[in-house]
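There are 2 protein chains.
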Amino acid sequence: MPTYRAPVEDVNFLLNDVFQIDRYNNLPGFSDASADVRSAIIDEAAKFTEQVLQPLNHSGDLEGCTRHDDGRVSTPKGFKDAFKQLADGGWLGLSAPAEFGGQGLPVSLSQTVNEFMMSANMAFSMYPGLTQGAMAALLVHGSPEQKKTFVPKMVAGQWAGTMNLTEPQCGTDLGLMRTKAVKQADGTYKISGTKIFISGGEQDLTENIVHLVLARIEGAPAGIKGVSLFVVPKIKLNADGSLTGEPNGVSCGSIEEKMGIHGNSTCVLNFDNAIGTLVGEENKGMAAMFVMMNEARLGVGVQGLSQSEVAYQNAAAYARDRLQGRALTGPQAKDKPADPIIVHPDVRRTLMSIRAFNEAARALVVWTSLKSDLAHRSDDQKERQAADDHMGLLTPVIKAMLTDQGFANAVAAQQMFGGHGYIVETGVEQFVRDARIAMIYEGANGIQALDLVGRKLGRDGGRAITAFFNEVTTFAKENGANEAMKPYLAPLTASVQHLQQATMWLMQNAMAKPDNAGAASTDYLHLFGLVTLGYMWARMAKVAQDKLAESGEQPYLKAKLVTGKFFMERMLPETSLRLSRVQSGADTMMELPAEAF
Amino acid sequence: MPTYRAPVEDVNFLLNDVFQIDRYNNLPGFSDASADVRSAIIDEAAKFTEQVLQPLNHSGDLEGCTRHDDGRVSTPKGFKDAFKQLADGGWLGLSAPAEFGGQGLPVSLSQTVNEFMMSANMAFSMYPGLTQGAMAALLVHGSPEQKKTFVPKMVAGQWAGTMNLTEPQCGTDLGLMRTKAVKQADGTYKISGTKIFISGGEQDLTENIVHLVLARIEGAPAGIKGVSLFVVPKIKLNADGSLTGEPNGVSCGSIEEKMGIHGNSTCVLNFDNAIGTLVGEENKGMAAMFVMMNEARLGVGVQGLSQSEVAYQNAAAYARDRLQGRALTGPQAKDKPADPIIVHPDVRRTLMSIRAFNEAARALVVWTSLKSDLAHRSDDQKERQAADDHMGLLTPVIKAMLTDQGFANAVAAQQMFGGHGYIVETGVEQFVRDARIAMIYEGANGIQALDLVGRKLGRDGGRAITAFFNEVTTFAKENGANEAMKPYLAPLTASVQHLQQATMWLMQNAMAKPDNAGAASTDYLHLFGLVTLGYMWARMAKVAQDKLAESGEQPYLKAKLVTGKFFMERMLPETSLRLSRVQSGADTMMELPAEAF
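Residue numbers (full-length UniProt numbering), protein chains in the order written: chain F, 1 to 597; chain D, 1 to 597.
Hints listed in this document are in silico derivations from the structure and should not be mistaken for laboratory results. Glycine is no exception: its CB is placed at the ideal position from the N, C-alpha and C atoms. You may find that some hints are simply not true.
Residues from chain F shown here face chain D by an in silico Cβ test under 10 Å; the list is partial [said to hold, decoys possible]: (1) Thr-172; (2) Pro-345; (3) Val-411; (4) Met-571.
As a list, the in silico PhoX-like pairs of lysine-lysine whose alpha-carbon atoms are at most 20 Å apart [said to hold, decoys possible]: (5) D:Lys-236 to D:Lys-225; (6) D:Lys-147 to D:Lys-284; (7) F:Lys-336 to D:Lys-225; (8) F:Lys-236 to F:Lys-284; (9) D:Lys-148 to D:Lys-236; (10) F:Lys-225 to D:Lys-336.
Take the sequences, apply the hints, and build the full model.
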């Protein structure tokens with residue numbers, strides 16, 4: 001049965017040493033998150049996720065959710081109690097504003113807690129994850145009344161949140177939406193239609209569910225510009241915001257049988273004249289929803305990392321234990337019938353590849369979460385804008401790269417177990433099945449790539465990508481004289497040049513011929529992702545070297561340097577292949593008629 | 001619900017045009033397989049697999065196998081009748097010798113039928129697949145008595161076959177085996193021990209099961225050199241080979257719950273003084289088993305291709321149908337609310353990548369199967385040897401490359417379906433779960449890579465790899481003056497040079513330091529695989545060009561050329577990355593102590 005240990009040392013290294021978040025003590029919430037407080041929270045989160053959530057992961061997968069004939073849905077055994085502990089522990093409101101009952105702590109801290117939750121139990125973590133996303137949308141676009149009514153209850157874990165976008169005929173293309181909203185005399189709306197794939201759409205964890213629903217107001221313009229956002233509680237509310245006890249025309253028609261995340265209920269929700277209120281302005285639903293989606297996309301990226309991390313841990317433990325064959329250089333464990341398989345280079349290659357990804361991906365998430373904090377909390381307008389640029393540019397990269405590679409890593413980790421990895425009882429195939437969804441939902445990864453290439457790159461004259469290049473090349477220049485940094489900076493610099501060439505190629509070839517952008521998008525995104533991970537490794541290596549020089553031999557820092565070197569030697573060179581694919585253009589792939597496929 | 005259409009046109013193109021198997025009319029069995037006969041068999045196989053096996057694939061996955069309290073195992077509804085039709089149709093003995101009731105046809109033909117079966121229903125196809133593997137081992141190493149007793153029944157589909165290697169403590173490392181055999185006065189052996197992961201170990205399809213079992217004879221040398229092979233029928237036989245009706249001390253202790261291939265029973269088999277007879281010589285069990293394993297490894301490679309093919313077909317159909325968004329170049333289906341998603345370059349990139357792999361992989365399988373025919377049927381000793389060299393060299397490449405990439409392709413195809421691809425009902429996630437096992441069993445892919453690098457490359461002074469290089473470079477030279485072939489030959493030549501450099505690097509660096517071989521093995525295997533697929537594309541392009549010149553516009557041939565070009569532009573350049581990884585050596589990955597993982 002799998003186990004999980006939260007990567008506490010790694011998180012502390014990132015927050016304290018690499019990104020030195022104490023520098024931001026002047027920002028709201030940061031001063032409350034002193035090193036001691038952070039450390040206590042992280043330790044507590046480790047304990048909660050390791051001891052409460054993880055033991056429910058495999059059993060939750062086996063049991064799944066059950067829809068009863070009356071439309072109620074039961075989550076797996078133990079989920080309800082765990083959710084109560086989560087709520088009581090204040091984990092839902094870690095970064096929510098204090099005025100609504102939250103703790104107002106930095107997102108760079110709460111996102112690490114989210115990683116722990118997802119590694120421990122991805123299906124479970126989606127219930128609080130979507131609740132946090134719904135909160136975020138209400139906090140930005142909701143009326144004061146809506147915030148007051150919904151957010152404190154969600155922070156307290158009494159009510160959960162959901163996102164209702166997809167319909168049978170519309171996934172990516174939300175302009176095809178049919179769910180309609182009819183305005184009532186009292187200013188509320190009656191919502192009717194069918195939404196599918198609604199995670200946590202019905203459950204038995206909370207006394208109410210706050211559905212954020214996209215719908216089309218009668219007479220609205222066609223397409224995406226006629227879509228509005230509504231908040232629709234599962235149970236109707238009294239004027240004071242308390243529960244009436246009366247159901248609100250939303251029912252779960254069925255739950256889906258899925259490849260994985262069985263512990264999360266994926267519902268068909270039927271809205272039948274359900275009463276809702278408008279969030280933000282009429283026909284501006286997408287803008288409001290995007291707040292939630294960006295939050296959610298970063299979170300989904302972390303899901304990819306989370307499954308890669310827990311799969312790695314279990315594969316490494318198995319590789320240290322499983323005796324099979326002898327080292328190529330001769331027996332190592334002479335007193336045993338065979339050597340542990342970790343003596344084999346190919347096993348180490350696999351494990352090193354996964355951890356080299358995980359550690360850099362975690363750094364990338366912390367870095368970007370810190371930008372999210374700055375975008376919302378800095379009092380310097382330029383800093384806010386730069387942070388916001390960074391978020392916009394990096395969100396699709398993190399979502400797609402971390403989930404593509406996180407899934408591939410879960411598969412690679414499963415491979416270490418041989419035939420045992422294919423058996424349900426071993427528990428590692430669940431990581432593969434669970435990780436798979438993260439490449440799909442919140443905008444399939446192909447859509448992320450299009451968002452990056454088609455929208456984010458060129459925005460504001462390329463301000464975000466220019467700033468990114470400046471930061472990385474400045475870092476390389478500043479540390480260029482440092483001999484010990486050469487094994488990290490030389491490959492990084494080469495990869496940055498590949499990214500620059502690819503960006504240039506897009507500028508020159510995609511304007512006149514948009515298919516060239518589409519053809520390049522996925523490879524460009526992965527090229528970008530590799531460069532960001534390479535930059536994270538260079539920064540971590542620098543800090544590790546400095547700390548080692550101060551404090552002498554420390555296994556953790558030594559391992560960092562070796563792992564970073566592995567990334568530079570084996571993984572970052574992929575940028576060259578990605579560049580060549582970008583430059584090969586769209587012609588060949590567009591040549592065949594559709595019927596030839 | 002998924003559908004399947006056997007790639008009949010593609011198979012005919014390969015057999016008739018690319019590999020021109022009519023050239024071998026002088027060999028046994030080939031003259032019986034004239035173009036007309038082949039075509040009739042292929043059409044019939046298409047019909048059988050599309051209409052009988054494929055409709056049982058999804059239902060078989062959902063239902064799975066059931067072990068009853070008395071140890072009996074039921075296969076999913078419909079499997080028994082389908083197996084009877086398979087047996088009655090003579091499909092089990094297509095390439096088996098006529099003296100045992102087979103049709104003696106070329107393996108290059110029967111392997112294409114196997115691909116159809118696997119695409120249609122991979123879990124089902126394992127029952128006949130393992131039966132054919134067991135037959136092959138008995139035909140090479142069995143006594144005349146054993147052949148006469150077992151093979152005709154297996155050809156007729158009355159009895160099935162299994163391979164019993166794995167035990168809880170021994171997977172890859174068969175030297176750790178504990179199952180023991182005790183010789184009896186009458187020359188038979190009593191076998192006792194526990195075998196796990198036995199595919200088709202118990203089932204309700206056949207009246208008897210022929211277990212091939214590896215075990216250690218009392219007093220045998222330790223390790224792999226003390227392992228012998230036995231044939232152990234499930235039901236004891238009379239002296240004349242008929243069934244006594246009495247069970248033979250083999251029982252199914254349990255069946256595994258697995259990630260996929262639910263329609264195939266994966267059994268724990270308990271042998272308790274089961275009576276068996278020795279196959280081949282004492283303590284030479286591995287040599288005998290290797291016959292079966294090589295056969296099986298080629299078959300498992302085809303499984304990878306098969307899932308990639310059926311996943312592609314369904315993804316392509318969905319991409320032509322699903323309306324979502326508009327083309328980057330402006331609306332294409334103006335009369336519809338949105339364009340079919342096949343207008344998007346990123347969707348085409350995915351589909352082209354899969355088909356470019358599938359078509360070349362199929363060619364590689366036909367090419368190698370033809371070598372298998374030559375190795376067994378040619379009357380020219382040199383030709384037999386060369387064919388045997390080819391088989392030895394290419395088997396690990398086909399097994400690992402086709403299953404790694406076949407799985408990745410099934411995942412990519414699933415991605416085309418968005419959220420619908422994650423839902424069990426859609427049926428495509430099954431391809432991913434089923435394809436996953438092929439990377440693991442019959443020697444995990446890491447073991448294939450070690451086999452290639454550690455055993456096959458250097459054998460007989462590198463005779464096999466030298467012959468391979470000669471063949472490919474000769475082809476490139478012979479067609480070098482042909483302008484139309486340049487887009488295929490230039491990339492091919494570059495990739496061959498990468499393979500040569502990688503081979504050279506191994507020669508220079510792996511002898512003194514074996515870890516360098518292990519560290520390079522997987523990347524070397526994929527580099528090799530890419531070159532073989534590139535060579536297949538060059539050969540197919542040549543034939544397609546020649547045929548087009550003769551016959552004018554033909555959509556099938558046009559598509560071949562475009563798909564081959566896509567492979568050359570986008571996929572073959574990966575050889576450069578693989579080479580750089582090979583050359584980066586073992587040092588960094590071997591540096592950390594085991595406890596640091």
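Please flag the earlier hints that this structure goes against, numbers listed from lowest up.
5 and 8
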